[in-house]
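Protein chains: 2
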Amino acid sequence: MHLKLDISNALSPPAALDGIPPSTLTELQPKLTEAIERLKQQRQQGNAPFLDLPDDKETIELCRNAATRSKNFENFVLAGIGGSALGPYALFRGLAHPFHNLLDASRRQAPRFFVLDNIDPDTIDALFDLIDPARTLFNIISKSGSTAETAAASLVIIDALKKSVGKKWKEHIVVTTDPEKGDLRQLVREENLEALPIPPSVGGRFSLLTPVGLFPAFCLGLDVDNLLLGAKAMADVCLKAGPRENPAVLFAALLYAFDTQCSRPIQVMMAYADRLLPLADWWRQLWAESLGKRLSTDGKEIFVGPTPVKALGATDQHSQVQLYIEGPQDKVFIFLEVQEFERDVPLPSAFGHLSSLEYLGGKTMNRLMAVECSATREALTKAKRPNMTLKFPKVTAAALGEAFMLLEIATIYAGALYNVNPLDQPGVEHGKILTYKAMGRKGYDD
Amino acid sequence: MHLKLDISNALSPPAALDGIPPSTLTELQPKLTEAIERLKQQRQQGNAPFLDLPDDKETIELCRNAATRSKNFENFVLAGIGGSALGPYALFRGLAHPFHNLLDASRRQAPRFFVLDNIDPDTIDALFDLIDPARTLFNIISKSGSTAETAAASLVIIDALKKSVGKKWKEHIVVTTDPEKGDLRQLVREENLEALPIPPSVGGRFSLLTPVGLFPAFCLGLDVDNLLLGAKAMADVCLKAGPRENPAVLFAALLYAFDTQCSRPIQVMMAYADRLLPLADWWRQLWAESLGKRLSTDGKEIFVGPTPVKALGATDQHSQVQLYIEGPQDKVFIFLEVQEFERDVPLPSAFGHLSSLEYLGGKTMNRLMAVECSATREALTKAKRPNMTLKFPKVTAAALGEAFMLLEIATIYAGALYNVNPLDQPGVEHGKILTYKAMGRKGYDD
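In order, the protein sequences belong to chains G and U.
Read in order, the letters of the first sequence correspond to residues 1 to 446 in the working numbering.
Read in order, the letters of the second sequence correspond to residues 1 to 446 in the working numbering.
Below are the BS3-like pairs computed for lysine-lysine, each with C-alpha atoms no more than 25 angstroms apart in a straight line: (1) U:382 x G:432; (2) G:432 x U:384; (3) G:382 x U:442; (4) G:382 x U:300; (5) U:432 x G:382; (6) G:363 x U:442; (7) U:432 x G:391; (8) G:384 x U:432; (9) G:162 x G:71; (10) U:437 x G:363; (11) G:363 x U:163; (12) G:442 x U:382; (13) G:437 x U:363; (14) U:432 x G:363; (15) G:240 x G:57.
Label pairs and their calculated CB-CB ranges: (16) G:421 x U:242: 45 to 51 angstroms; (17) G:346 x U:297: 41 to 47 angstroms; (18) G:393 x U:170: 40 to 46 angstroms; (19) U:135 x G:348: 17 to 23 angstroms.
FYI, nobody ran anything at the bench for these hints, they're computed from the structure.
Every residue, glycine too, gets a C-beta built ideally from N, C-alpha and C.
Using the sequences plus the hints, can you model the full thing?
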């Protein structure tokens, strides 16, 4: 196990004056034990397939093979939204060069990577200013096969390809969708397009380790094998360990208790590494869409759900930390801390007569980052702002795999505590119907 | 005036069932009238200089002239954090090509633009993989001249320049800092560096229209003149209009009332345009750091401040809207809506036998974006989630200038309502001191 969850500043006492008393965890224990048991059962019955994705050798090899031809392309454009975009992007930013798209092709050794996860006409049209469709592979991702935003992007993409390469447009598209159902799958059949399956029982926000995330990751040359090993190892820990030693249980139970018993509904995930900010963004969808619910599992109106917020250290010390330290006691903090960066950046000694430069000389940027993370954590704790820290020894594929799985399982456990179904999203239907109606989709005219 | 603030879904009744009753605005009116009068007085006494930045011809011309030589550089690297980075970046993303850095130099007609606003060693070191210091202009921005993160970046930058161009390193640096005080200013004097002034009485988060924002904007070829005209026009409106017709007053008063009287402390600014997301991020600092305060102006412990959150439409409909629609009634929404994008993207008719593609053919991506914004707004309103909309006819320099000034003045008015000083940030001192101590800065050893 690479990751470590440090909850000492979330428990009260000794460290945090305003933390959760240990008795609260004891009270939650029966519910948590039950949640673990239920997830184990669901797994055995094949009803929690996201847990077993690391063992789906067949699909993994399908993605690996499909990716071999991506080397021929200068660009890889992913068209998808929500779970179809956030996970792949978090992987890309977590593991690729921070300025991947700006590197020379020889250094990059993989296509440039673009995510079209919005329908902003300026962005989409501008993308075609710089990519040549003839040198681009488009990965169209939609689980249902009918997502409006992705459907619209597909029309633009296919049109651009046809204008550029004529009948060969099909060689530039890989569709990731349901193996049987939906309009995208039908298009795949009719046009004989290359396609990859998303298991029907894996929800969009739990789909990172399906071809949704794996195919782009292989195309980008990322270390998928260790990603999967990390996820698998974490799944074992989070299903086998008892409530007190189980990081997914502790993560879920503490955040649940802070929200429902301590009036701290705002949960800030503050990444102290640029690479990890998109992981926080991925978690923001997972947590919000899974737990933000009107109805309980037994059909009562409850209107629950914490509000996840992403933040970046040290940057947001100069934007949000004033509020975090001095504002209302309505927040809890999850630090993502990296103990060893990929690179070491020494701070040269220069202008030693200037006091604001002198103390930095001879140290490293790495040390400054570590110190600022500790200082912010200590200042928050002293100001009675509870917090926990998820420690990454290094941002490796294995550590990321652990993080994704830890947070997915924590979401299931949190769903059990909130007594909601973490796998649906009924609240977005109204907006969808209004959109269809205004766009004149058949069957939505009244 | 280009912008329009539509508050109909924030008032109760008729549109919003859970909005602010008009009587609340009436009750706040004396305080608001007083806040407007006070700001007018402060302006006359020279104590609100951020309002008059659009008239500071001398500084504007200084920036314009200093920028002429930027054409000789391939890269422009801004090293700054907080207010020194968020504003310039919001301007860049608001007005430049969405993929500016990836365009050919001939099409770009300006240097590539990089913002170093963190101390992540991986990012900083990686930047030097792709920029040649000999072809780069570095703009080092720190109002105090002693910001730790910017100081550390400066040491790395100057070292890289010395290794690359030797004694000519000074020709690659422009320092933006206090005109008299601080270590950076001393460095400017001793090394005879080019420098631009930040007026001492303009706080970092109100400094966008000082050389902090203007110099990079000129270097990038952005339309600074119209930016300033927009800001000036909005300042006039927000100082002269009575409380009922004053967009800054309405923005501040409604958000204040939602927080303090309706238990809606979470304020989501949801931009329906990729270009405007960094504006929401800039506002996030402005609002959080100005209003998140432990002490009232008369020294009482009050621990106030709403929590600003940024979101992106349509993207976050697939991430956050489930929570926004069905979660707790603890949020209010500010839509940033664009009525005309720069580009039109038609959706070709194709695969008309597939129902999820058929209805899109013959429409435009622009229409889909507009429809999704309206649909989400309507769905939120129906779910009793109050919201308002700031409408941009187009994202122009003038409209952005109006937006920046509107939000800055609204922050001052909100400060008056919360009874806090919107111009300080005492809460970040503890973390700074802990950082200095751990880094061994002299005078901080006990």
